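Novice: Let the hints inform the model, and build the full structure from the sequences given.
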Amino acid sequence: MKKQLVFFLIWFIFLEIFFRLPFIDHTFFPSPLVVFKNTLLLLNNNQLIFHLSSSLFRLVIAFIFSLPLALILSLLCAHFKLIDQILNPVIAFSFPLPKVAIYPLLLLLLGIDNYSKVALIAVGIFYLLFINFRIGFLRLRNSQLMDIIKIYPVTRFHYFFYFLMKGSLQEILTGLKLALNYGLTLVVVSELTASNNGIGYFIWKSWDQFKVIDVYSGVLTLSIIGFVLYYFFNKIIERTSRYY
Amino acid sequence: MISISGLDYHFDSRQVLKSLHLNVPEGIIHSLIGTTGAGKTLTLKLIAGLMPIQTGKVATTSNDISFVFQQNSFLPWLTMQENLKCSLGEFSKEFNQALAQLNLSLFLESHPKELSGGTLQKFALVRAFAKKSKIILLDEPFSHLDIVQKEDLYKTLILLWQGYRPTLLIVSHDIDEVLLLSHSISFLSLKSKHISNSFDIRPYEEIPQVTLAKSRQDNGNYQLFEKLLGLLKEDLT
Chain C
110 MKKQLVFFLI
120 WFIFLEIFFR
130 LPFIDHTFFP
140 SPLVVFKNTL
150 LLLNNNQLIF
160 HLSSSLFRLV
170 IAFIFSLPLA
180 LILSLLCAHF
190 KLIDQILNPV
200 IAFSFPLPKV
210 AIYPLLLLLL
220 GIDNYSKVAL
230 IAVGIFYLLF
240 INFRIGFLRL
250 RNSQLMDIIK
260 IYPVTRFHYF
270 FYFLMKGSLQ
280 EILTGLKLAL
290 NYGLTLVVVS
300 ELTASNNGIG
310 YFIWKSWDQF
320 KVIDVYSGVL
330 TLSIIGFVLY
340 YFFNKIIERT
350 SRYY
Chain X
-17 MISISGLDYH
-7 FDSRQVLKSL
3 HLNVPEGIIH
13 SLIGTTGAGK
23 TLTLKLIAGL
33 MPIQTGKVAT
43 TSNDISFVFQ
53 QNSFLPWLTM
63 QENLKCSLGE
73 FSKEFNQALA
83 QLNLSLFLES
93 HPKELSGGTL
103 QKFALVRAFA
113 KKSKIILLDE
123 PFSHLDIVQK
133 EDLYKTLILL
143 WQGYRPTLLI
153 VSHDIDEVLL
163 LSHSISFLSL
173 KSKHISNSFD
183 IRPYEEIPQV
193 TLAKSRQDNG
203 NYQLFEKLLG
213 LLKEDLT
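For the protein sequence lines, the chains are C and X, in the order given. Take the first sequence: its letter number 154 is residue 263 in the numbering used here, and every next letter is one higher. Take the second sequence: its letter number 166 is residue 148 in the numbering used here, and every next letter is one higher.
FYI, nobody ran anything at the bench for these hints, they're computed from the structure. Keep in mind that a hint or two might mislead.
Just a few of them, taken from the derived set where beta-carbon distance is under 7 Å, the chain X residues facing chain C [claimed, not checked]: (1) Phe49; (2) Trp59; (3) His93; (4) Lys95.
Model, not experiment: these values are computed from the prediction. Backbone N, C-alpha and C define an ideal beta-carbon position, used for all residues, glycine too.
Specialist: Structure below.
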């Protein structure tokens, strides 16, 4: 951690010096410190907070829909071969499709409000959640550990929480990590068109009004959120993988 | 009692068991010995219902069967206490006493990864007996332990068995071990794919005395040892 911080500082200083060199166009390539100051300013006058909260709101709502659905379907697939066989071709066919491609369709069907945006995010993250959960549950069900459960029957509560959930925690966390990351991408994409709030809209609007530095601030905000989530999940995965 | 008749088993086109017959009377310790790949573990799993029977019949006096696995007997992400509570429910007073008697209480908060193979197998034995199953199947439970741990576990096994004398079927490839622990032995032959020889070692009511050094001096045991070793060698040639 200490080492990482040192390298981060070295990079920061290097970029700061580089982007202050006289032959660099400072309008298009502001230095990190200038971007950082501008971001603080935007946070201070609540502009960024407003857009950020709209974006995160969409992400959370999408998770509220996708997470239980992915959990239920992956549980069904892991326990009933027939359901797995029925669902498999659908998933295999629709998973490789870039979800952004269906956005125009969603706009047409659900309107330009939040519905279409949330739907796009929900569809996109569903696959990552479902696929990872399913792999985790199936791995457990097919492992030798299942023999223990057969010989020493457990209660439903224990089976679900102590065996399935705890046992496939690594896959569950991986699914959540990937889904959050991809979800963030889809939030921004969905807000680039037909929107009047959200961090994606903020970046787009800033570009439109030629406020290049605001574009950088938007990007910085996103990368900080992405970094925090990534770091947070990796820490949990690291901590919980000790006993597996 | 365990009674198997005409048991066949195929892995795809390869036949592993061929009209296997086995009778284990109630309340004794019976061992199934054979070389690696003879189908010993498979036979246990078929009795326990962990694998589907293809042809033949397996009859047991009770459907309640405990199983002691060779390895990976516990969920690695739970502590020993959580593992045991999952399998057995809340601990009874008697169970707590058994844990204390075997010096296992200390390890209840540990995860399986943090414990030695011997301690884990001791936990596995205690769990199997705590379920009070009439039949307990043991799949090479001591095969990866050192000799001191082995002797300790043999004693634990006999101690627990004396408690209510369930029927034990132990799978092993260790001749010393089966001679020490069992009332009777069956030899599962790799070549003929069924039980080719059976031996009675001691009267069924006798409690096996498990002292490794002493068993080495026993002349009767020596002859049986040679005989079983001969069978194992013959099977592999």
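Novice: Are the hints correct? Go through all of them and say.
Specialist: Okay, the hints, checked on the actual structure:
Checking X/Phe49 against chain C: minimum C-beta separation of about 4 Å stays under 7 Å; hint holds. Hint status for X/Trp59: holds, given a least beta-carbon distance of 5 Å to chain C, under 7 Å. Contact between X/His93 and chain C, as hinted, is supported at the beta carbon level, the nearest pair being about 5 Å apart and thus within 7 Å. The beta carbon of X/Lys95 comes within 6 Å of a beta carbon in chain C, closer than 7 Å, and the hint placing it at the interface holds.
In summary, the structure agrees with every hint in the numbered list given earlier.
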